[in-house]
Amino acid sequence: MTWRRMRATAGRVLRQLRHDPRTVALLVAVPSVLMGLLAWILHGRGHDFDTLGPQLLGIFPLIVMFLVTSVATLRERTGGTLERLLTMPMGKADFVLGYAIAFGLAAIVQALVVSGLCFGPYGMTVRGAAWLVVVVAVLDALLGTALGLSVSALATTEFQAVQFMPAFILPQLLLCGIIVPRAELPTVLHWVSYLLPMSYAVDATQQLSTHAAITTQFLVDVTVVGGFLVVALALGTTTLRRRTP
Amino acid sequence: MTSQAPESVAPTVRVEHLTVVRGRARAVDDVSFELGAGTLVGLLGPSGCGKTTLMRSLVGTQVVSSGTVALLGEPAGSMRLRDQVGYVTQVPSVYGDLTVRENLSYFATILGASSEAIESVLAEVDLCDHAASMVGRLSGGEKARVSLATAILGSPSVLVLDEPTVGLDPLLRRNLWALFHRLAAAGTTLLVSSHVMDEAERCERLLLMRDGRILADTTPAGLLSSTASGDFESAFVALIEGDIPDEREVPTAGEERA
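Line order of the protein sequences matches chains R and A. Okay, so the first sequence: first residue is 173 according to this note's numbering, each after it adds one. Okay, so the second sequence: first residue is 18 according to this note's numbering, each after it adds one.
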């Protein structure tokens with residue numbers, strides 16, 4: 173693992189993004205428009221947007237980054253560039269962390285723009301610190317990248333990769349507490365929800381919207397999301413194979 | 018990397034009883050050969066005969082079933098070989114959404130090659146005019162040359178090139194073979210595959226492959242004289258026809274036999 177190769181990989185991925193301005197525009201515009209739509213839908217319904225807004229602010233980037241990363245890494249696999257890199261003095265971790273850095277930077281830009289719109293024109297308010305909402309959104313986007321990296325190893329075609337999104341993300345969305353509070357879920361599902369990273373991501377923003385001070389629960393949530401992030405990156409590293417049949 | 022100064026006696030590449038089973042077929046079947054330093058060897062045979070699998074075994078990306086492959090005295094794919102072995106896949110494996118120079122500078126950083134190396138390989142493969150072009154917009158032959166440029170960036174001791182001249186115009190093909198000869202003269206060991214028999218005459222040594230086996234390990238002149246043929250196409254046919262009677266154990270379903 174070397175910083176030089178990791179940085180070169182991150183720079184290369186960002187350069188690829190720069191040559192694809194439409195993807196960059198979509199990365200920023202899609203969650204911005206969706207949050208605007210949500211603000212509009214909930215307009216005049218009291219504090220609904222203040223409750224739901226921060227939760228979805230963490231979830232949209234996670235979904236977008238999951239998709240972008242799993243397609244990007246699948247392209248490396250099918251295009252032969254990953255195989256070529258792995259015949260070179262390239263560490264598997266250099267590759268995975270290079271991607272994480274590049275998409276992490278993209279996630280920061282995305283989170284800043286989207287939360288700027290939410291806290292500004294869309295009129296979202298939280299009791300806690302707004303910048304912490306941005307931090308959680310970036311963490312969630314990174315988690316999406318890491319999950320995308322590890323899951324893409326299971327896909328051999330683009331059709332499969334795209335379907336991993338509903339397969340891996342939508343169940344988490346159903347169980348994370350947005351639709352039914354987790355405590356009110358049937359017992360088995362309540363326990364299952366403890367195993368899913370999105371539950372903690374959503375709870376972290378919930379803590380911020382309802383508490384002025386940083387709560388212990390918030391710190392636990394953020395730590396667990398960080399833990400899932402590290403595990404997913406490690407998993408993404410171990411699923412890279414230098415030798416294939 | 019001073020530890021790998023090749024001794025003049027040890028072969029650069031040593032393949033012993035290599036067998037690769039892919040699915041139910043023996044893609045490579047008990048293949049053995051050695052390559053010395055600074056030789057330009059052609060690996061010829063019809064498509065599907067196992068050339069790519071054999072080459073992937075050399076660069077260490079293939080799971081092999083049995084046998085050994087060593088390069089510069091190290092097992093194929095080992096850490097110390099990663100900046101010593103260059104590999105060009107059949108389909109150009111470079112980033113289509115980056116320019117030629119961006120591709121080369123990325124791989125140069127990974128390989129630890131200098132920025133002067135980028136300029137010199139651009140000249141070697143005649144792509145100086147396209148340095149700022151997006152790879153995705155180049156022609157197939159130009160993409161193939163970007164892929165080749167990437168492989169020679171790190172001045173590797175061994176170059177494994179899978180059909181590098183397919184679809185190129187004759188002049189360009191001649192230029193690339195001239196480049197391969199220059200590299201060999203400078204001490205690089207090259208294994209170049211092709212399914213076009215006419216390319217045989219450009220090699221110093223030939224490995225002819227069919228159904229996962231090496232049919233002949235010879236020279237262009239030796240191949241023509243031993244088969245009493247005027248051209249390589251008919252020499253190969255003569256070799257195949259001569260091979261059928263002494264076919265040993267017939268490992269796969271014998272759909273080739275009449």
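Among these hints, one or two may not hold up.
[Said to hold, decoys possible] Partial pick of chain A residues on the chain R-facing surface, computed with a CB cut under 8 Å:
id: 1; residue: Arg39
id: 2; residue: Arg99
id: 3; residue: Asp100
id: 4; residue: Tyr112
id: 5; residue: Asp114
id: 6; residue: Ile127
id: 7; residue: Met151
id: 8; residue: Leu155
id: 9; residue: Gly157
id: 10; residue: Thr235
[Stated by the list, open to error] Which chain A residues stay away from chain R? Per the calculated CB distances, all over 10 Å, these:
id: 11; residue: Glu119
id: 12; residue: Gly129
id: 13; residue: Cys145
id: 14; residue: Arg191
id: 15; residue: Ser242
id: 16; residue: Gly247
Everything labelled a hint here was simulated from the structure, so no lab data went into it. Predicted, not measured: the structure shown is a model, and the values here were computed from it. C-beta atoms are modelled at their ideal positions from N, C-alpha and C, and glycine is treated no differently.
Here is how each hint holds up against the structure:
no., hint, in the structure
1, Arg39, "holds (6 Å)"
2, Arg99, "holds (4 Å)"
3, Asp100, "holds (5 Å)"
4, Tyr112, "holds (6 Å)"
5, Asp114, "holds (5 Å)"
6, Ile127, "holds (5 Å)"
7, Met151, "holds (7 Å)"
8, Leu155, "violated (14 Å)"
9, Gly157, "violated (15 Å)"
10, Thr235, "violated (29 Å)"
11, Glu119, "violated (6 Å)"
12, Gly129, "violated (7 Å)"
13, Cys145, "holds (21 Å)"
14, Arg191, "holds (26 Å)"
15, Ser242, "holds (38 Å)"
16, Gly247, "holds (38 Å)"
Comparing the model with each earlier hint shows violations of hints 8, 9, 10, 11, 12; every other hint is respected.
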